[in-house]
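Visitor: Residues per chain, in single letters:
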Amino acid sequence: MTSATATRVRTVEGAIAFTDLSGFTEFCAIKGDEAAVELITMNEQILRAEIGRRGRIVKNLGDGFLLFFGDPCDAVQAALALQDTFEEASVSGDFPLWVRIGIHFGAPVRHGRDLVGHDVNVAARIVDLAAPGEVLVSEACTGKMSRAIPGVSFEEVGPVIMKGIPEAITLYRAMRA
Amino acid sequence: MGTRYPIPQGARLKVLTVSARVRVIAEDRSDVEIDPPDRYIENSDDGHVMETKSKSTNLEIRVPTGMNVSVGSVSGHVELVGRFGSVKASSVSGHVTIGDTNGDADIRSISGHIEVGDCGGCCRANTKSGHIIASHVAHELKGNTMSGNVEVGVGGQGDVEVKSISGRITVRVDQGRKPHIRAKTLSGRVRREAEQGDDFEIKASSISGSVEVLPR
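Going down the list, the sequences are from chains A and B. Taken in order, the first sequence gives residues 66 to 242; the numbers are from the working numbering. Taken in order, the second sequence gives residues 38 to 253; the numbers are from the working numbering.
In short, the hints are calculated from the structure, not lab data. There's no promise every hint is true.
[As the list claims (entries may be wrong)] Below, in silico cross-link-like pairs of lysine-lysine (DSS-like), each with a Cα-Cα straight-line distance of 30 Å or less:
1. B/Lys90 - A/Lys228
2. A/Lys124 - A/Lys228
3. A/Lys96 - B/Lys240
4. A/Lys228 - B/Lys92
5. A/Lys209 - A/Lys228
6. A/Lys209 - B/Lys90
7. A/Lys96 - B/Lys221
[What the hints assert, rightly or not] Okay, the calculated bits of chain A under chain B, using three or more residues with CB under 8 Å as the criterion:
8. 82 to 94
9. 182 to 196
10. 223 to 232
Glycine included, every Cβ here is placed at the ideal spot set by N, Cα and C.
The following block holds chain B by itself, in its conformation from the complex (with noise of 0.2 Å):
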């Protein structure tokens, strides 16, 4: 059992770790809870923001459905289970994992792997050396890596933009959205079989990668 805060009027979790591991949870109560208990919740003083911080004691924190998160970390994984307002969340070396968002979705690292699940607004997904997974991104999406693959679905709401060094890419495109696509590589293979139309442009470019986009 945690200690629990109640939550300001339209604040946000801000998490500051340095090698712990973060686990966020959304789910139905109104209230925030932290374990181990001994970790304190502090409030901004516009009341914007409820932000803790932890060296090493890894954290396993309970918020609201819906409710807005970021999450800063250089070594550990960050984990947000559910479904969440917006999430920024950054790592150096540690995977970060993002369940759902109603809104947009700002996700980094430089060597650690990044998986979004159902994502309702834009996102953005920028890693060096990891993979991109990203379920499904209904608006807006900007992918990044250098090495890792990128694997993306996309609802067609928001133009795509995707490129890597050296990894795979693959867009899945849902079905109903007719993309313009510039796909574009130096040494892969390129592959288009979504239909084509105008609805919204996909540009997937890679040097050594391939380049795939498939009907969902």
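Same shape as in the complex, but just chain A (with noise of 0.2 Å):
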């Protein structure tokens, strides 16, 4: 007799971000840890401060983290929010907060407090595409928007195609317009 133990999968539908501290290891290398902890936390300061309760860390992943909302608007509000912070904080001060963003929607499954699955390597893969400073939002997310935001566009980038990804994804640059 033989027993199977089902795995109960538990997914949550919303938006999943990641954000990346471009350069980060240069960075230390030139300015040393100390400066390397201080740009961190700064960029986590930044971070929680513009999340609020709009969404929630999932995980720090050391130079970024990844991120979830239930609602896409909330995503890209935030995100945006957050570019606006780090491109003041660089303008100001001698550390360079490069940060890509990179949204998909989709379902992701719950690993404890984790978040795993196929539509979160698809933000993974969106963010290497972003550029410092940039928000890349997928048509899966843009496609979920209940309503318009206001003040800001989005303009298509152009159909990507990445590894492991069967299917050509549409992005797309979110904006203030």
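Using the supplied hints, reconstruct the complex from the two chains, each of which is provided in its own coordinate frame.
Guide: Spelled out as structure tokens, the structure:
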């Protein structure tokens, strides 16, 4: 007699965002570990302040974060607010807060407090294509937005085929209008 | 000899590949020709897009001068020869080479190099480990690379923002245009030799690379 243990998979629908602090390794090498800690602390403080209650920090990746938002509009608004604050901090200080942000919408699987699955992988691929200071959003995410976001527009970046992802994904750049 | 397709009014060409090399040639013609001839080009329902796909078969496509083109590839090189309208191209690990554009260009790669000829509109070029070379960009330019070098010529009809992590940045400014230059590097060298003024702004920043703003 065999017994099978069914693994119950719990998914949660929403916007998955990755942030990535560009050049962190080089910054550490030039400025030293103390300055590097100051940089990632500043990155985290800004992020926590801007995310607020709109979303949650799923995971700290060292020089980046995995974030989750129930509402894709909140994800885009938070991401643009983050970029505005990072830009101000970079201009006024000595720290290059060059952060790339990629957002995708899907139904990742809960794994404790973590999120895993195909949609998380897609979001991770999107951030790879974003430029510092840029917010790239998948068509799956823009398609789920229930309302227009005042003062925000989206520009198509073009078709993107990503390693390991079978279908082409259309990406948009979220911008202040 | 490839297979020829008429172009619906105002349609743009969209090419999707995995590992195939894509070469698109803009020339004096009124239709689109694809080689090898067994490849199909399908029109979208609204007629705005002519789309073709290939996993590994290399494609050569001939289009009219000035056509808008978008290409997405994983590892294949993307080469656009001639003068196009607007261009959007991405390749994860392939190089992307664009001839000239009348309109905007948005080029992305992760590990490939990016080369653009004469861009008549705005240009965005973004790669992680490749070089960015743009002969001349008339309007706004945003270029980002991590370890590659950036070499761009600018017309100064729009602002310029270039970032590199460790690569060298060289911006050459058209004669007669006087930029306000904001150049910053943590450990590299800065040279500001272009005549300065308030015609437009150049923001060039690197973490460990050198930054040069020179006259063309």
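Visitor: Taking the numbered hints from earlier one at a time, note which ones the structure violates and give those numbers from smallest to largest.
Guide: As far as the earlier hints go, not one is violated by this structure.
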